[in-house]
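Novice: Chains A and B supply the protein sequences, listed in that same order.
So the first sequence is residues 1 to 228, counted in the working numbering.
So the second sequence is residues 1 to 228, counted in the working numbering.
These are calculated hints, taken from the structure and not from any lab test.
Given the structure is predicted, the values throughout are model-derived calculations rather than measurements.
A portion of the hints provided could be inaccurate.
Same chains, same names: a pair is fine if it fits in one copy or spans any two.
Within a straight-line C-alpha distance of at most 16 Å, the following computed EDC-like cross-link-like pairs (lysine to aspartate or glutamate) qualify [what the hints assert, rightly or not]: (1) Lys157 to Glu185; (2) Lys28 to Asp81; (3) Lys28 to Glu219; (4) Lys157 to Asp96; (5) Lys46 to Asp96; (6) Lys28 to Asp189.
2 protein chains.
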Amino acid sequence: MSASFSPRAVCLVSGGLDSATSTAIARKCGFDVYALSFDYGQRHRKELEAAERVAAALGAKRHVVITFNLRQWGGSALTTDMDVPMDRSSEQMPGDIPITYVPARNTIFLSFALGWAETVQAQHIFLGVNQLDYSGYPDCRAEFLRAFETTANLGTKAGTEGQHFHIEAPLIQMTKAEIIRAGVELGVDYALTWSCYLGEDRPCMHCDSCILRAKGFAEAGIRDPLLG
Amino acid sequence: MSASFSPRAVCLVSGGLDSATSTAIARKCGFDVYALSFDYGQRHRKELEAAERVAAALGAKRHVVITFNLRQWGGSALTTDMDVPMDRSSEQMPGDIPITYVPARNTIFLSFALGWAETVQAQHIFLGVNQLDYSGYPDCRAEFLRAFETTANLGTKAGTEGQHFHIEAPLIQMTKAEIIRAGVELGVDYALTWSCYLGEDRPCMHCDSCILRAKGFAEAGIRDPLLG
Numbered sequence: 001m002s003a004s005f006s007p008r009a010v011c012l013v014s015g016g017l018d019s020a021t022s023t024a025i026a027r028k029c030g031f032d033v034y035a036l037s038f039d040y041g042q043r044h045r046k047e048l049e050a051a052e053r054v055a056a057a058l059g060a061k062r063h064v065v066i067t068f069n070l071r072q073w074g075g076s077a078l079t080t081d082m083d084v085p086m087d088r089s090s091e092q093m094p095g096d097i098p099i100t101y102v103p104a105r106n107t108i109f110l111s112f113a114l115g116w117a118e119t120v121q122a123q124h125i126f127l128g129v130n131q132l133d134y135s136g137y138p139d140c141r142a143e144f145l146r147a148f149e150t151t152a153n154l155g156t157k158a159g160t161e162g163q164h165f166h167i168e169a170p171l172i173q174m175t176k177a178e179i180i181r182a183g184v185e186l187g188v189d190y191a192l193t194w195s196c197y198l199g200e201d202r203p204c205m206h207c208d209s210c211i212l213r214a215k216g217f218a219e220a221g222i223r224d225p226l227l228g
Numbered sequence: 001m002s003a004s005f006s007p008r009a010v011c012l013v014s015g016g017l018d019s020a021t022s023t024a025i026a027r028k029c030g031f032d033v034y035a036l037s038f039d040y041g042q043r044h045r046k047e048l049e050a051a052e053r054v055a056a057a058l059g060a061k062r063h064v065v066i067t068f069n070l071r072q073w074g075g076s077a078l079t080t081d082m083d084v085p086m087d088r089s090s091e092q093m094p095g096d097i098p099i100t101y102v103p104a105r106n107t108i109f110l111s112f113a114l115g116w117a118e119t120v121q122a123q124h125i126f127l128g129v130n131q132l133d134y135s136g137y138p139d140c141r142a143e144f145l146r147a148f149e150t151t152a153n154l155g156t157k158a159g160t161e162g163q164h165f166h167i168e169a170p171l172i173q174m175t176k177a178e179i180i181r182a183g184v185e186l187g188v189d190y191a192l193t194w195s196c197y198l199g200e201d202r203p204c205m206h207c208d209s210c211i212l213r214a215k216g217f218a219e220a221g222i223r224d225p226l227l228g
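Just chain A, same shape as in the assembly:
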């Protein structure tokens, strides 16, 4: 038997289709996947159940769920009992920052990913952000990710000792349709994912997240397997 070593990547897995796809890309690139999810006081647990299914289906070596409660200060429709916007067309979404924005969420998520990456000697952190569909979210832009990467390399033992951390956002310039096509090619089973902001039995088809997902599948010419 010969020993083999695969490089490791920490992959943020939310349970949605973007992070499932970026995780599949990490696997395709040959990384052992350390899947990381957050139970942060979001509106429902369906996305965490989806994250668990996605991590297992993509062969993650380990899946960790970090729990904390952003409802302690709120500040978002996702971490309070505010209503989420419904029935907005995708043209109405970009440009402004929706009330579903959670202050500093990706900074918090990436910080935990960095801590785990340093601990398991992973140099790559994958996340599924894209700046086309969510141009309003400041923490989904390449400029922010580059700044975080600089911070990561200055603020860690491994980084200052010459191990370079890379923040990988392979979907950042892709449309939802392109993401879906890439995922289908990689064998991602989107029936396992969950995008709806509400946590009911079936997707509501009216929230921003459902509308963007439906538009993506329609433009890709693929039927969403979650809709059965």
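Take the given structure of chain A and dock chain B to it, following the hints.
Specialist: Frame of chain A, contents of chain B only:
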């Protein structure tokens, strides 16, 4: 009655003497203090009890403790059952990174502080790091803090809309003795603080943290009130 508005600052309060002092400086500068502490799986709860006393004594408007568990991956003597180093002189400490280093800890702490700051419209985040006594810790250096500040301003709604976040580390170039003298002048009651890595009834006086504290009080020519 006239309405008045004080600017707000989120202050990281660990229960130790450095963060008590930096929080006192924030108060002195006229900020309303939003004190933030973390129950992250550290070795004991004495420092959290100290944080609560310090936040109250310094008149914090609110004190929030965010709970998460870094023992899920460990990586530090503070988040595993490893022994902490004992009986090292302060000359042996700088230069190497001790096993009490917690991967990405200050990045994680600052990320939460940023989320809360954005939510309560605070533009200033105070923390008690200093790079002289802890030159080994990469996330206690000015270079790291500047990089985080850039990240904060790119990764938030408020930052991208022109509200500038400032990471304030007023102790960064001070010795422990200078910090203690400054704190005493500001009326900080160091009897309320806790520095020892162990969580026993009294400070052990043998861990790195006790040794640096004792050296600081000795050099300042002040008796540590915690020692009764």
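Novice: For the identical chains here, do lysine 28 and aspartate 189 meet the 16 Å Cα criterion within one copy, between copies, both, or neither?
Specialist: Answer is within: at 15 Å inside a copy they meet the 16 Å cutoff, but 57 Å across does not.
Novice: If the cutoff is 16 Å on CA atoms, where do lysine 157 and glutamate 185 land: within, between, both or neither? Let me know, please.
Specialist: neither (38 Å within a copy, 35 Å between copies)
Novice: Is the C-alpha distance from lysine 157 to aspartate 96 at most 16 Å within one copy, between copies, in both cases, or in neither?
Specialist: between (38 Å within a copy, 10 Å between copies)
Novice: Could you figure out if lysine 28 and aspartate 81 sit no more than 16 Å apart (CA to CA) within one copy, between two copies, both or neither?
Specialist: neither (39 Å within a copy, 37 Å between copies)
Novice: Using 16 Å as the alpha-carbon threshold, which applies to lysine 28 and glutamate 219: within, between, both, or neither?
Specialist: Answer is neither: 24 Å inside a copy and 58 Å across each miss the 16 Å cutoff.
Novice: Since the copies are identical, ignore which copy is meant and state whether lysine 46 and aspartate 96 lie within 16 Å (CA to CA) inside a copy, between copies, both or neither.
Specialist: neither (27 Å within a copy, 45 Å between copies)
This entry does not satisfy hints 1, 2, 3 and 5, going by the numbered hints stated previously.
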